[in-house]
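**Q** Make a model of the complete structure from these sequences and hints.
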Amino acid sequence: MLSKDIRNHFPILDQEVNGHPLVYLDSAATSQKPVQVIEALDRYYRFDNSNVHRGVHTLGNRATDGYEGAREKVRKFINAKSTQEVIFMRGTTTAINTVAQSYGRANVSEGDEIVITHMEHHSNIIPWQQLAKETGAVLKYIDLEEDGTLSLDKVRETITDKTKIVSIMYVSNVLGTMNPIEEITKIAHQHGAVMCVDAAQAAPHLKIDVQNLDCDFLAFSGHKMCGPTGIGVLYGKKDLLNNMEPIEFGGEMIDFVGLYESTWKELPWKFEGGTPIIAGAIGLGAAIDFLEEIGLDAIEQHEHELAGYAMDKMSEIDGLTIYGPRDPDQRAGLVTFNLNDVHPHDVATVLDMNGIAVRAGHHCAQPLMKWLEVSSTARASFYLYNTTDDVDRLVEGLRTTKEYFNDVY
Amino acid sequence: MSTNKLDQLYRSVIMEHYKHPKNKGVLENGNVTIDMNNPTCGDVIRLTMNVEDDIVKDVKFEGEGCSISMASASMMTQMIKGKTTEEAVKLAHTFSDMMLGKELDESIDLDDLEALSGVAQFPARIKCATLSWKAMEKGVSGESQ
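Here the protein sequences come in this chain order: A and B.
The letter at position 3 of the first sequence is residue 3 when you use this note's numbering, and the numbering goes up by one with no holes.
The letter at position 55 of the second sequence is residue 55 when you use this note's numbering, and the numbering goes up by one with no holes.
Label-pair ranges, simulated between beta-carbon atoms:
#, chain 1, residue 1, chain 2, residue 2, range
1, A, Ala357, B, Glu52, 45 to 51 Å
2, B, Thr40, A, Asp209, 34 to 40 Å
3, B, Asp35, A, Arg46, 48 to 54 Å
4, A, Leu139, B, Thr33, 27 to 33 Å
5, A, Asn107, B, Glu52, 53 to 59 Å
6, A, Leu139, B, Leu104, 46 to 52 Å
7, B, Asp53, A, Asn107, 55 to 61 Å
8, B, Asn29, A, Glu16, 50 to 56 Å
9, B, Thr40, A, Ser3, 35 to 41 Å
10, A, Ser109, B, Asp53, 54 to 60 Å
11, B, Leu104, A, Ile126, 37 to 43 Å
12, B, Lys19, A, Asp392, 27 to 33 Å
13, B, Glu52, A, Asp392, 57 to 63 Å
Quick caveat, the hints were computed from the structure, so don't treat them as lab data.
Cβ coordinates follow ideal geometry from the N, Cα and C atoms, glycine included.
**A** See below:
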């Protein structure tokens, strides 16, 4: 387990909510920000604020250095070969839409197949639905095993020579399942398809190596990994990106502009139309520094232990159902659950009155809710600043919830 | 635990409606059907009504949702049955005002609905309480499916 002192880096955690010390268990929705990130944003706006890639003055240079320096930090963070493969975007959703609209429109035709799974969240379903509608392609789902995992046999059955794109989440935001991306990528490549990885729930929690994974595209958001909102990353293999057209046109992404024809900048800037998210990128760079100082392996181990502890404790509560794989080795640091007879919103409200923040609802994964045969669930998601004390407070809160509703029913 | 505030929300009359909802089901001879959902949380409701001569002759609901949304739907069906569509809409507006903590028209009898006044203190739950009312307003305004 990581030291409890890590909490001291997160000023937001040091407060009372509804008369109780805050227990924040909603990091899968968005993580809290360490003081290092808050200060990096403050420093940029206070001393360096300027546009990038255009001014020849000192502030412009500082802003450009900060922005491009953050790109290099991201490159190292995911072990991309080149910064040309790292494109700053608004978040995972924009990144996946870019792949669908740019690569997808150019390479997918009627009768081709796009393969996703039943566990995807909306950001990795709807862009492909739209692409399938626009092109006449077939959207296929890999069915899940009963415990909410993917079997490679079913992956092999679903991906065919007609498959052009496979897009799968690395870690499920509901089930906690960690998917065998490396193996799925190999299968996709055997059939000539490209592999797109939705790493929104993976990048904050485990070491990503895009060269080892050999994936073609990978998308993640900064705000789930201690960075600011509004910044995310699309990684793509250089050869693919070089052959793709931008989907946003205008300032910053152009090279030469004529009256009727224009040319684009080289990678990665041709995909970054308009003034980019400068402060966001700098904040993301600071978040990466922070996470790497602690170590992604240590963070993964911490969350793994915490989720195991939580599952053990929560399993002792009568009438509590936990979704997703029971084997702690197959899952990440979150526990999605339902408490018999008490709707998840009611659970979340009672917990909130106890200062405990959890998510309740469909978690932007409506097809998965249907697969689970529930309308919604509650979810406690952990991050590096959570402790076993937080889990104990959650368990106590759930017992209180049960008692409260038993009394009022 | 802050049970006082919670007790304001989960009053016994609400839990009674949740546990034993009134007018639950689908109206076989209904001439108005409205499906509505709350996309942020997944609550769904199907409202079937029989509206004749601008009067809500009968109404039933079914759906899935939290105690607040289902209790509110149950109360709503009780309250609007037999009312004119104009009266039903006026009641919906009064209910909406109550959710927003506004001063209410005292001439309107809210009956069981008053139990939902505590929801105003829980902004995140207001949409739960108003889902069925929005469906009803849509239905009586002729936007049936």
